[in-house]
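Number of protein chains: 4
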Amino acid sequence: MAGSTFGEIFRITTWGESHGKGIGVVVDGCPAGLPLTEKDIQAFLDRRKPGQSLFTTQRREDDTAQIWSGVFEGKTTGCPISILIPNTDQRSRDYGAIMDIYRPGHADYTYDAKYGIRDYRGGGRSSGRETIGRVAAGAIASKLLKELGVTVRAYAQAIGPAKADPSRIDFSTMYDNPFYMPDPVAAQEAAEAAKAAIGSKDSMGGVVRCTVDGLPAGIGDPCFDKLDGLLAKAVMSIGAVKAVEIGDGIRVSETRGSQNNDSYTTVDGVPVKKTNHGGGI
Amino acid sequence: MAGSTFGEIFRITTWGESHGKGIGVVVDGCPAGLPLTEKDIQAFLDRRKPGQSLFTTQRREDDTAQIWSGVFEGKTTGCPISILIPNTDQRSRDYGAIMDIYRPGHADYTYDAKYGIRDYRGGGRSSGRETIGRVAAGAIASKLLKELGVTVRAYAQAIGPAKADPSRIDFSTMYDNPFYMPDPVAAQEAAEAAKAAIGSKDSMGGVVRCTVDGLPAGIGDPCFDKLDGLLAKAVMSIGAVKAVEIGDGIRVSETRGSQNNDSYTTVDGVPVKKTNHGGGI
Amino acid sequence: MAGSTFGEIFRITTWGESHGKGIGVVVDGCPAGLPLTEKDIQAFLDRRKPGQSLFTTQRREDDTAQIWSGVFEGKTTGCPISILIPNTDQRSRDYGAIMDIYRPGHADYTYDAKYGIRDYRGGGRSSGRETIGRVAAGAIASKLLKELGVTVRAYAQAIGPAKADPSRIDFSTMYDNPFYMPDPVAAQEAAEAAKAAIGSKDSMGGVVRCTVDGLPAGIGDPCFDKLDGLLAKAVMSIGAVKAVEIGDGIRVSETRGSQNNDSYTTVDGVPVKKTNHGGGI
Amino acid sequence: MAGSTFGEIFRITTWGESHGKGIGVVVDGCPAGLPLTEKDIQAFLDRRKPGQSLFTTQRREDDTAQIWSGVFEGKTTGCPISILIPNTDQRSRDYGAIMDIYRPGHADYTYDAKYGIRDYRGGGRSSGRETIGRVAAGAIASKLLKELGVTVRAYAQAIGPAKADPSRIDFSTMYDNPFYMPDPVAAQEAAEAAKAAIGSKDSMGGVVRCTVDGLPAGIGDPCFDKLDGLLAKAVMSIGAVKAVEIGDGIRVSETRGSQNNDSYTTVDGVPVKKTNHGGGI
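Chains as they are written, first to last, in the working numbering: chain A, 1 to 281; chain B, 1 to 281; chain C, 1 to 281; chain D, 1 to 281.
The shape of chain A in the complex, shown without the other chains:
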């Protein structure tokens, strides 16, 4: 059954495998009149592309975005925006070795069980490269939201044992390290821990924190399409993600309502929450 589409009004459909001809996304429902160029998308792809540091896959890919439709004279037309990112380094690996084994922590077995056939080269559709289509679509969403006064920021809060310290967070330093960690001290710890893990052919978990600013109250629809439900689905569908927390998240289970509930006050006549244990949702 079809599962590669997300969203109703602004709807994205992704496609592509790790070692196929390319990766792409169709963004349908983007409003007309938004200025959009390949550079807008490239900026986001450049941040995710592999081979830029010791700490990611060593595959070399430029991941160059091509817009094939939906943009005319520099602006979106309201019609579907098709973005294509060719794979260029896909022939250089020998994946024969993994053809007959199921790698732990990967979807190899699941795909075989489900489909009876599997593009074993680099994980095929279940590769981390699948997120390229999401990132490209996200670049458009981000630009659109910015026009509406909404900004989205995601960063590495923890990489293995290294945790960003709230007192040290400085977003101007975030892109100075390959982890996009806005705490230079923690980023240095992360680099050392990562080197050690790589040295022992191991990997580490981490925590991504995402904040959204400027969103008006009332986005999302009860009951199943609540904003936190939609976000949880989107995030949990990314490979390797095993937990989603909103606000205080799992810690809520150990606190009392009096500690956790965000009570209201008014500032200049507008209702405002005094605290934000609920993540603002």
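The hints are simulated quantities; they were obtained by calculation from the structure and are not laboratory data.
Be aware that a few hints might be false.
No copy is singled out in the list; a pair is fine if it fits within one copy or between any two copies.
[To be verified] Derived lysine to aspartate or glutamate pairs resembling EDC-like cross-links, with alpha carbons at most 16 angstroms apart:
#, residue 1, residue 2
1, K75, E147
2, K114, E192
3, K163, E254
4, K114, D225
Model, not experiment: these values are computed from the prediction.
We have chain A already, so just place chains B, C and D on it with the hints.
Using the frame of chain A, we list chains B, C and D on its own:
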């Protein structure tokens, strides 16, 4: 709002404009294991491609199908199949002349009213080239259905005043004329009528008849997703289509139930309809 | 598979069988703040309810609408509106006789083939009573559209051989006859033809014409969710409907583009079509 | 926009407010032939109904399930199953006091901001009573899954400071305490903690653990409709839920791949995971 996706289980998403870089479709939900090559798709595109006779647009396009994902070692994998057809002849026309006018029988005004911006080159998204994505997806659907014993056949039943005569229909002659009309006499009449219409810079309407064989009873779901409802939506969403009929169609309005209702008999113990005024649905 | 839901933003889900406990609909996505009472819905149900003339089923049903949710202090809240219409006359018929036969022109065989089980009482889910949920939802949609300046009018254009004559149409007379035919002369002919058909235990076809006024240009979304595609699906999913036409409909197949295409002019600077062969879509 | 529908093939649509006439759900897409009675649903509703212990709302509701459609002669027909649960105790509370205040930890403010109108009685649509529709639908899903050899079990793993100890878990005791905690010792601790919290007009968080047995590999669809994504959406859309974890969940962020990845072995020729840090997904 997103409107370029059709279907739930076998789901297609089309994109592309008449004079953009290309046209394409993402087919999601195709079962794994179906043998599929670009040739399978090309055979269908070749039947619709322009510039093959006097009677279609004179634009020259090879309309070459490229499969970018979802097929591995000659078989579908269950993952989205992305098909791309580059536009090659899109620079040769001067569309400046239609930039400022609304053509009758086209969607120019509608797009302007809806989006406030319009890719005026050749109709943009509302061009007849939009159907390329449908045809490419249809090639896959057709191959899949064939494996299930279901065949679909569409042909021109009427072109302007020329009507295929049931007594003369011979499907072996269908592709001998540019109208895909399985009656050589009617096809000749159609050619003459079309030449005359073109001579007076005019065009003609027509009727496409589509039959499906081998489909088991019970496909479709009550009440809104009835098969005839889904078919009507699909067909009516094609540019220029203004009527959809099932079985006797509009003639049902003038007949009595006793004439129109298909009564049952049994053949070898299986219920069979004696007549087919209802189109089998 | 689920098929009883229609629409994305204003979404309706219908349920109920001819001889079950009742019929109903859930309307989700109706904007908040619309004044709504059971009387608004009842007015529409009263127009469709059976047993009001010789010409419909003789079953007696009051078809009383109950609103169970989504309305607070006389206004919609934005939450799903659940409407329930109990069946009251469902025990009075003996349907044992049709338990073992497949009626022509009904879905009896289809349901058996699809589900292997069938609520044979009065057609079960495939009964004409299924439209009660649509009518109740339509009453809400109609009230909402009216606030937006959009009006929808449907009437009988033809009943068997009786056809409303455009020169005689007078909508003030429409509800004076049981066919909702706005031409008193044709309505009288229809009554006679219907009596004759009933006398010979037969039935007749007809044509319903629906016009929408006040709708702005640009509603619907290319390509699959075009307005005419969505309308065609909705209409074709009603039991017994076998054809859908937009504008000139099937007659377009026999006319030339020069006759059929609606050219534009401007009235007070606004683009206006000179003719309306395309049904305004 | 409509947000009260969940699922594509087995699709549920819920409706109803805390103090409206009732709560309900329409289950569409349930296969035909499943034996189903109101008792099947009642058994699940009885486990969630209020007023059974000190620890829940003191509102008295029988929460009696009525099946209004989709079941014929004790079996599902494949048609939508409409379930209605009348509210009976809704008139006995005075909610005037909360008409003008926004309660912390509730959706009062959000609804006002979104809709400009709010059914303030008991939270309206955002009340915990909204889950009644989910539970009723879940009763059907549960019965269906059982026929397929799939069982689903959810229980309280922690209530405030009381945590079920894996070494003491005994599911035969689970329904002996009002928390549905399968560890009698922890359940006793939970009761004491809850009494203390209630004594200070406070509330406590908790953790629900859900396990599914018998599910074949390959359920869900890449990429957005992965099983963990769908589950996360469903769970996170329940009021008060702020975190969803699969397998080791948030603890994965602090472990290495070598600890966390589940490697394979074969048992009787079938691939089996040696560990289950990934939650089996």
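key: Violations among the numbered hints, reported as their numbers in ascending order   = 2
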